[in-house]
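Colleague: Next come the chains, spelled out residue by residue.
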Amino acid sequence: QQPVQSPQAVILREGEDAVINCSSSKALYSVHWYRQKHGEAPVFLMILLKGGEQKGHEKISASFNEKKQQSSLYLTASQLSYSGTYFCGTEFYGGSQGNLIFGKGTKLSVKP
Amino acid sequence: GAVVSQHPSRVICKSGTSVKIECRSLDFQATTMFWYRQFPKQSLMLMATSNEGSKATYEQGVEKDKFLINHASLTLSTLTVTSAHPEDSSFYICSASERGNTDTQYFGPGTRLTVL
Chain A
1 QQPVQSPQAV ILREGEDAVI NCSSSKALYS VHWYRQKHGE APVFLMILLK GGEQKGHEKI
61 SASFNEKKQQ SSLYLTASQL SYSGTYFCGT EFYGGSQGNL IFGKGTKLSV KP
Chain B
1 GAVVSQHPSR VICKSGTSVK IECRSLDFQA TTMFWYRQFP KQSLMLMATS NEGSKATYEQ
61 GVEKDKFLIN HASLTLSTLT VTSAHPEDSS FYICSASERG NTDTQYFGPG TRLTVL
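Taken in sequence, the protein lines are chains A and B.
For the first sequence, position 13 matches number 13 in the numbering used here, and the numbering has no gaps at all.
For the second sequence, position 43 matches number 43 in the numbering used here, and the numbering has no gaps at all.
Just so you know, the hints here were simulated from the structure itself, not pulled from any lab data.
Misleading hints may appear alongside valid ones.
[Claimed, not checked] Among the chain B residues that face chain A by a calculated CB cut under 7 angstroms, a handful are:
1) S43
2) T104
3) P109
Note that the Cβ used here is the ideal one computed from N, Cα and C, for glycine as well.
Extracted from the complex, chain A is given alone in its bound form:
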């Protein structure tokens, strides 16, 4: 049931773009994206509730392809502050509301 995130890790130079994918083998009700810095709790980025939905948060945006049961997080013109581990948390149809199953994370390192 755990969603699969890819890639596991990515190294970028400042200003470069990245895409992080989150795929599920079960139908998704929602996808939540979080970023976690080392030693800190995850910070909420955005939630996608509807198939086809896209959201943006400055230079970070995400899409939700309900049919493909996947979501992608887009980071454009990356900044040093984007470094961290990105997790997608998924809710499934038929599951308990709010019970998020997290992927294993994607470690993003942005270098100067």
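Use these hints to put chain B onto chain A, whose structure you have.
Modeller: For chain B alone, kept in the frame of chain A given last:
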């Protein structure tokens, strides 16, 4: 808005003792609070879901007698690790959903538990 606090942020205890971790929603009422555990370099694993005024729902494999959860009010949930052992050492994180906006979870800063 939507701030969640946890206390303590770090705790070191001896094997066999019990440790209580508090999770508070500071500026909103949280009908539901979630407790996660995260081992080093691993993902967050949901331990249990607690709703104010009712018994917590534990995930499979989580011992409810070992991890006691109490959600006594709309702003406070506690997790007590009873008779802690070194394998319980982990990063414990709570999250809370605001009444009327249950889609978004706000995480507390986490509690680092080390059992010697």
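Colleague: None of the hints should be skipped; say for each whether it holds.
Modeller: Status of the hints after comparison with the structure:
no., hint, verdict
1, S43, "holds, 5 angstroms"
2, T104, "holds, 6 angstroms"
3, P109, "holds, 5 angstroms"
The structure fails none of the hints (numbered hints given earlier).
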